[in-house]
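Trainee: With the hints as constraints, model all of the structure from the sequences given.
Numbers 1 to 106, taken from full-length UniProt numbering, label the letters of the sequence shown in order.
For the record, the hints were derived by calculation from the structure and aren't laboratory data. Hints may contain errors.
Below are the BS3-like pairs computed for lysine-lysine, each with C-alpha atoms no more than 25 Å apart in a straight line [as the list claims (entries may be wrong)]: (1) 94 - 17; (2) 6 - 72; (3) 72 - 93; (4) 5 - 25; (5) 94 - 45; (6) 25 - 13; (7) 93 - 13; (8) 25 - 45.
Here are the in silico distance ranges between beta carbons for each label pair [stated by the list, open to error]: (9) 59 - 90: 34 to 44 Å; (10) 30 - 95: 26 to 36 Å; (11) 79 - 26: 29 to 39 Å; (12) 94 - 2: 25 to 35 Å; (13) 30 - 94: 29 to 39 Å; (14) 84 - 63: 31 to 41 Å; (15) 63 - 2: 25 to 35 Å; (16) 86 - 1: 13 to 23 Å; (17) 26 - 94: 28 to 38 Å; (18) 61 - 86: 13 to 23 Å; (19) 94 - 4: 30 to 40 Å; (20) 30 - 5: 11 to 21 Å; (21) 54 - 13: 29 to 39 Å.
These numbers were taken from a predicted model, which means no experiment stands behind them. We treat Cβ as the ideally placed atom computed from N, Cα and C, and that holds for glycine.
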Amino acid sequence: MLIPKKNRREVYKYLFKEGVLEATKDFNLPRHSEELDVPNLQVIKLMQSFTSLEYVTERFAWRHYYWFLTDKGIDHLRDYLGLPQDVVPATLKKSQRPLERAAPGA
1 MLIPKKNRRE
11 VYKYLFKEGV
21 LEATKDFNLP
31 RHSEELDVPN
41 LQVIKLMQSF
51 TSLEYVTERF
61 AWRHYYWFLT
71 DKGIDHLRDY
81 LGLPQDVVPA
91 TLKKSQRPLE
101 RAAPGA
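Mentor: Set out below in structure tokens:
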């Protein structure tokens, strides 16, 4: 399937930023989501390609596809998008926990 380069880059940027991607199994949706203005069919086909190349792992449940970026996929997208090594997907970032406060009077 021919996919415009603009749409391909949008999907790749979103996948790298989040580390995961979800799509409803509806090939006729005109756009994937609010954040990603790309036809749903193009997203599914790009991720099928990434699955065969082992850049993502795929799960399917209740008419929804779920794709999770692998280390191999992170390296590929980093090269494709021209990102530095210190940029990582949101799924690999450490969450910042609030500091524990000392109990009053302790």
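Trainee: So, for every hint listed, does it hold in this structure?
Mentor: Hint check:
no.: 1; hint: 94 - 17; result: holds (14 Å)
no.: 2; hint: 6 - 72; result: holds (23 Å)
no.: 3; hint: 72 - 93; result: holds (17 Å)
no.: 4; hint: 5 - 25; result: holds (23 Å)
no.: 5; hint: 94 - 45; result: violated (31 Å)
no.: 6; hint: 25 - 13; result: holds (21 Å)
no.: 7; hint: 93 - 13; result: holds (16 Å)
no.: 8; hint: 25 - 45; result: holds (11 Å)
no.: 9; hint: 59 - 90: 34 to 44 Å; result: violated (18 Å)
no.: 10; hint: 30 - 95: 26 to 36 Å; result: holds (35 Å)
no.: 11; hint: 79 - 26: 29 to 39 Å; result: holds (32 Å)
no.: 12; hint: 94 - 2: 25 to 35 Å; result: violated (40 Å)
no.: 13; hint: 30 - 94: 29 to 39 Å; result: holds (37 Å)
no.: 14; hint: 84 - 63: 31 to 41 Å; result: holds (38 Å)
no.: 15; hint: 63 - 2: 25 to 35 Å; result: holds (26 Å)
no.: 16; hint: 86 - 1: 13 to 23 Å; result: violated (34 Å)
no.: 17; hint: 26 - 94: 28 to 38 Å; result: holds (35 Å)
no.: 18; hint: 61 - 86: 13 to 23 Å; result: violated (34 Å)
no.: 19; hint: 94 - 4: 30 to 40 Å; result: holds (36 Å)
no.: 20; hint: 30 - 5: 11 to 21 Å; result: holds (20 Å)
no.: 21; hint: 54 - 13: 29 to 39 Å; result: violated (20 Å)
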